[in-house]
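Chains R and S, in that order, give the protein sequences. For what it's worth, the working numbering labels the leading residue of the first sequence as 6, then goes sequentially. For what it's worth, the working numbering labels the leading residue of the second sequence as 615, then goes sequentially.
Just to be clear, a hint being listed does not mean it is correct.
Said to hold, decoys possible - Which chain R residues stay away from chain S? Per the calculated CB distances, all over 12 Å, these:
id	residue
1	H21
2	L22
3	T31
4	A48
5	I52
6	S53
7	E54
8	A56
9	A58
10	S93
Stated by the list, open to error - Under the rule of at most 20 Å between Cα atoms (straight-line distance), these lysine to any residue pairs were calculated in the SDA-like manner:
id	chain 1	residue 1	chain 2	residue 2
11	S	K711	R	L28
12	S	K756	R	V101
13	S	K711	R	R100
14	S	K641	R	E75
15	S	K1100	S	D1017
16	S	K702	R	H21
17	S	K711	R	G90
18	S	K711	R	T63
19	S	K756	R	V88
20	S	K711	R	E75
21	S	K1077	S	Q1043
22	S	K756	S	Q651
23	S	K711	R	S93
24	S	K641	R	V72
25	S	K756	R	D96
26	S	K756	R	S64
27	R	K24	S	K702
28	S	K641	R	A78
29	S	K711	R	P92
30	S	K702	R	S64
31	S	K1021	S	Q1043
32	S	K756	R	P92
33	S	K1100	S	R987
34	R	K24	S	D1017
35	S	K711	S	T658
36	R	K24	S	Y713
37	S	K756	R	R100
38	S	K702	R	R100
Think of the hints as simulated: they come from the structure by calculation, not from any bench. Note that CB positions come from ideal geometry on N, CA and C, so glycine has one too.
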Amino acid sequence: MTDSAANGIDQDLVVHLGKLARLELTDLEVEHYTIQLEQILGAITSISEVAAADIPPTSHPIPLENVYREDIAVPGLLHEDFVPGAPSFEDDRFRVPRILGEST
Amino acid sequence: MTTEYNAVITEFDPIIGLETHIELGTKSKMFCSCSAQFGGEPNTFVCPVCLGMPGSMPVVNRVAVESTIRMGLALNCSIVPWCRFARKNYFYPDMPKNYQISQYDEPLCINGYLDVTVATENGPQVFRVEIERVHMEEDTGKLLHAGGAGRIHGATHSLVDYNRAGIPLIEVVTKPILGTGVLAPEVAKAYVAELRDLMRALGVSDVRMEEGSLRCDVNVSLSRPGEEWGTRTETKNVNSLRSVERAVRTEMIRQADRLRAGERIIQETRHFNEETGDTTSGRSKEQAEDYRYFPEPDLVPIAPSEAWIEELRGTLPEIPSVRRARLQIDWGISDFDMQSLVNAGALELIVASIDAGVQPAAARKWWTGELTRVANERHCELGDLTVNASDIFEIEGLISAGDLTDKMARSVFEGLLDGEGSVSQIVSQRGLVVVNDDASLIAAIATALADSPDIAEKIQGGKIAAAGSIVGAVMKATQGQADAAKVRTLLLEQLGVTE
Chain R
6 MTDSAANGID QDLVVHLGKL ARLELTDLEV EHYTIQLEQI LGAITSISEV
56 AAADIPPTSH PIPLENVYRE DIAVPGLLHE DFVPGAPSFE DDRFRVPRIL
106 GEST
Chain S
615 MTTEYNAVIT EFDPIIGLET HIELGTKSKM FCSCSAQFGG EPNTFVCPVC
665 LGMPGSMPVV NRVAVESTIR MGLALNCSIV PWCRFARKNY FYPDMPKNYQ
715 ISQYDEPLCI NGYLDVTVAT ENGPQVFRVE IERVHMEEDT GKLLHAGGAG
765 RIHGATHSLV DYNRAGIPLI EVVTKPILGT GVLAPEVAKA YVAELRDLMR
815 ALGVSDVRME EGSLRCDVNV SLSRPGEEWG TRTETKNVNS LRSVERAVRT
865 EMIRQADRLR AGERIIQETR HFNEETGDTT SGRSKEQAED YRYFPEPDLV
915 PIAPSEAWIE ELRGTLPEIP SVRRARLQID WGISDFDMQS LVNAGALELI
965 VASIDAGVQP AAARKWWTGE LTRVANERHC ELGDLTVNAS DIFEIEGLIS
1015 AGDLTDKMAR SVFEGLLDGE GSVSQIVSQR GLVVVNDDAS LIAAIATALA
1065 DSPDIAEKIQ GGKIAAAGSI VGAVMKATQG QADAAKVRTL LLEQLGVTE
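Let's have the full structure, built from the sequences with the hints guiding it.
Here it is as structure tokens:
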């Protein structure tokens, strides 16, 4: 096991993330991704070093607020527009594998 | 059941909490311009956005935001000056994006309340339900589980319809509701009913419960007086007023049984079974969900200006509790009568009938009498009955013209409920004709008197009450199609008796 790093990324967390993402990770991959995620987060952390106290955190690069559309309905796509892109379509519905987990 | 329930209350205090999701009645979806109407052929109200196609971008529906702000104001909430949407990440095919756009730690409306009234032996009692938050999110698609009789367990695969995916929802979350005691199930039901009425009054949703446009998650915990709060369970997807009340009640009884047996309550989600009224264990919440919420990068913040909020405040209608107080005075009825017709879900139906031209007393009589009885018999809500305001107007017109008796009117209602056609069709098909011509009534009276010669003497001797048996005989002879009051008048005339 690698040590818990400055950004809080350790192997346990990567295993947990793997589970959430429904990925089966080998021990080697866990080790690999722990190092990679640590480096990626390290790069991002450097941004906070330049962020001044008077600049609020943002989730968006463009200073825009209140962008809305009017409530007008338009016709949807035809099945022929999207069915070819679906792995399986049956009775006008998307066919998906048996669900093992549960809905939210 | 009742004794069992009352026993719970002697030992425990309930704490309840409700999370209610309601579909807004917008024309288009929350983040795209697909139709938000109910139903439709599967996967026809879909586009790249609500199908989660790569590169598609959501744009917020202005009316959905306005509806949420108006609902927040009506619930006495503060509208925040700035907030964002968040991604709730999970893997489940009801959302093709693998996340739902919701609001997480920045809801649009916070800290409100809703007063609800519950009937008690000592008259109406008002409870203030505090509102934690009101936020916006999108509805999910609809899954059909194929094989395994429509259930997840044993299903071989599932089929998904994304027409509902992306329909705007608002979620209203209460703070823990304390101090309801024995009335907890009634308070829960009254709260959801009040929320529904408020949504309808605001015109932000018509709340078609039978179409699943209101869904409730019911939190319940028990504690012994003076002890700290117990572990709560969350019963998911309770979809009718009656079910909300039942879910609280059965969950209180179940938890009390566990606690008495010295067991502990497991924090978990539970499923409500509409048929049995029971709840069954779902997913354990011991390992808290990890939805990895983060601010939705494809949407910009919502920052409602004071001016916009005030403009929306100006559009708020008379709120239901104020309107009820006004109607009660207009109709001149008691607290108890008002409360029982509200509880029966009859208020809007009565108002609609009056608007259609029915006299207030007659509208109340039918909805709280015969129609409530039938709804109970059929285990459905009054509003689900296939009788509308104009039917009642038509029936009342026939009654006042003397063409229909109350008894026949009940037969017409039965026909309407069984889908036999319009009022006039049912009247003619069921042969509902008031025997009104004096000659045939007098003939029937004569026959009845001849069958019981002693009665005429009794009546003439002053025992007018004896007239009842003759009236009964005439009603029987005319198969109930005569007006009993008229038969009585004619009978007394024939015998030369005045009252």
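These are the hints, each one checked on the structure:
1. Its beta-carbon lying about 8 Å from the closest one in chain S, R/H21 breaks the requirement of being farther than 12 Å from that chain.
2. The claim that R/L22 lies off the interface is violated: its Cβ sits roughly 9 Å from the closest Cβ of chain S, which falls inside the 12 Å cut-off.
3. The non-interface label for R/T31 is consistent with chain S: the shortest C-beta to C-beta separation is roughly 21 Å, beyond 12 Å.
4. At roughly 18 Å from the closest C-beta of chain S, the C-beta of R/A48 stays outside 12 Å, upholding its exclusion from the interface.
5. No beta-carbon of chain S comes within 12 Å of the beta-carbon of R/I52; the shortest separation is about 15 Å.
6. Its beta-carbon lying about 16 Å from the closest one in chain S, R/S53 satisfies the requirement of being farther than 12 Å from that chain.
7. At roughly 21 Å from the closest C-beta of chain S, the C-beta of R/E54 stays outside 12 Å, upholding its exclusion from the interface.
8. With a minimum CB-CB distance of about 16 Å to chain S, R/A56 clears the 12 Å threshold, and the non-interface call stands.
9. For R/A58, the shortest C-beta to C-beta distance to chain S comes to about 19 Å, beyond the 12 Å cut-off, and the non-interface label holds.
10. Listed as a non-interface residue, R/S93 fails to keep its Cβ farther than 12 Å from every Cβ of chain S; the least gap is roughly 8 Å.
11. For the suggested pair S/K711 and R/L28, the alpha carbons sit about 17 Å apart, so the restraint of at most 20 Å is met.
12. For a cut-off of 20 Å, the pair hint linking S/K756 to R/V101 stands: about 12 Å separates their Cα positions.
13. A distance of roughly 16 Å separates the Cα atoms of S/K711 and R/R100; the hinted pair therefore holds under the 20 Å criterion.
14. Using a Cα cut-off of 20 Å, the hinted pair S/K641 and R/E75 holds, with the two alpha carbons roughly 10 Å apart.
15. Of the supplied pair hints, the one linking S/K1100 and S/D1017 holds, its CA atoms being roughly 13 Å apart against a limit of 20 Å.
16. For a cut-off of 20 Å, the pair hint linking S/K702 to R/H21 stands: about 17 Å separates their Cα positions.
17. The hinted pair formed by S/K711 and R/G90 meets the criterion: a straight-line CA distance of about 15 Å does not exceed 20 Å.
18. A hinted pair counts as satisfied when its Cα atoms are at most 20 Å apart, and S/K711 with R/T63 does not qualify at roughly 23 Å.
19. Taking the CA atoms of S/K756 and R/V88, the gap is near 18 Å; set against the 20 Å cutoff, the hint holds.
20. Of the supplied pair hints, the one linking S/K711 and R/E75 is violated, its CA atoms being roughly 23 Å apart against a limit of 20 Å.
21. Restraint check for S/K1077 and S/Q1043: the C-alpha separation of about 40 Å exceeds 20 Å, so the hint is violated.
22. In summary, the hint linking S/K756 to S/Q651 is supported, as the alpha carbons are separated by about 14 Å, within the 20 Å threshold.
23. Taken as a hint, the S/K711 and R/S93 pair is honoured in the structure, with Cα atoms around 17 Å apart against an allowance of 20 Å.
24. Using a Cα cut-off of 20 Å, the hinted pair S/K641 and R/V72 holds, with the two alpha carbons roughly 18 Å apart.
25. With a CA separation close to 14 Å, the supplied pair S/K756 and R/D96 stays within the 20 Å bound.
26. Taking the CA atoms of S/K756 and R/S64, the gap is near 31 Å; set against the 20 Å cutoff, the hint is violated.
27. Pair hint R/K24 plus S/K702 holds up; C-alpha atoms about 16 Å apart against a cutoff of 20 Å.
28. Among the hinted pairs, S/K641 with R/A78 is consistent with the structure: their alpha-carbon atoms are about 6 Å apart, no more than 20 Å.
29. For the hint linking S/K711 to R/P92, the alpha-carbon distance of about 16 Å falls within 20 Å, and the restraint holds.
30. Note on S/K702 and R/S64: the hinted pairing holds, with a Cα-Cα distance of about 15 Å set against a maximum of 20 Å.
31. Proposed proximity of S/K1021 and S/Q1043 is supported: the alpha carbons are some 16 Å apart, at most 20 Å.
32. A hinted pair counts as satisfied when its Cα atoms are at most 20 Å apart, and S/K756 with R/P92 qualifies at roughly 18 Å.
33. Only pairs whose Cα atoms come within 20 Å are accepted, and S/K1100 paired with S/R987 is rejected, the gap being roughly 28 Å.
34. Distance restraint check for R/K24 and S/D1017: the Cα-Cα separation of roughly 73 Å exceeds the 20 Å cut-off, and the hinted pair is therefore not satisfied.
35. Simply put, S/K711 and S/T658 have alpha-carbon atoms about 18 Å apart, close enough for the 20 Å limit, and the pair holds.
36. For a cut-off of 20 Å, the pair hint linking R/K24 to S/Y713 stands: about 16 Å separates their Cα positions.
37. Among the hinted pairs, S/K756 with R/R100 is consistent with the structure: their alpha-carbon atoms are about 12 Å apart, no more than 20 Å.
38. Our distance criterion of 20 Å between C-alpha atoms is broken by S/K702 and R/R100, whose separation comes to about 23 Å.
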